[in-house]
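*Asks:* When you get a sec, could you build the whole thing from the sequences and use the hints?
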Amino acid sequence: MTDNRPTEDPTRTTPPEPSTRSQVDIANDVQAGLHKGKDADQQRQTTVGQKATQFDGNPNPESDDEGGVFSPPDDTPAVLPKKEGV
Numbered sequence: 000m001t002d003n004r005p006t007e008d009p010t011r012t013t014p015p016e017p018s019t020r021s022q023v024d025i026a027n028d029v030q031a032g033l034h035k036g037k038d039a040d041q042q043r044q045t046t047v048g049q050k051a052t053q054f055d056g057n058p059n060p061e062s063d064d065e066g067g068v069f070s071p072p073d074d075t076p077a078v079l080p081k082k083e084g085v
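At position 71 of the sequence shown the residue is numbered 70 (numbering that gives the first Met the number 0), and the sequence of numbers has no breaks.
Hints are computed from structural coordinates only; laboratory data are not their basis.
All figures in this text were calculated on a predicted structure; none of them were measured in a lab.
Every residue gets a Cβ at the ideal spot worked out from N, C-alpha and C, and that includes glycine.
For each label pair, taking beta carbons as the anchor points, the in silico distance ranges come out as: (1) 8 / 29: 28 to 34 angstroms; (2) 21 / 43: 29 to 35 angstroms; (3) 79 / 36: 54 to 60 angstroms; (4) 84 / 62: 44 to 50 angstroms; (5) 72 / 39: 52 to 58 angstroms; (6) 14 / 37: 29 to 35 angstroms; (7) 57 / 27: 53 to 59 angstroms; (8) 42 / 15: 30 to 36 angstroms; (9) 28 / 56: 47 to 53 angstroms; (10) 37 / 84: 54 to 60 angstroms; (11) 29 / 4: 40 to 46 angstroms.
*Replies:* Pasting the structure below:
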């Protein structure tokens with residue numbers, strides 16, 4: 000005789016055991032943890048303003064004398080062809 004039982008699913012997990020605490024208590028703990036995390040995040044983001052001692056670039060920028068060095072040439076025709084139809 001052959002065994003025709005279906006094989007166990009290897010990806011199936013066992014369900015968690017029921018908690019001894021009520022869902023309200025668990026939810027309160029979660030909310031308290033979120034509140035603590037938010038407070039800690041705000042403390043990390045609070046910085047004291049200080050005057051910059053180093054500059055990323057020239058503190059006295061000048062205009063570009065050559066003009067258009069970084070812009071592509073304008074290749075738009077003087078008269079645009081008219082298109083017919085919709």
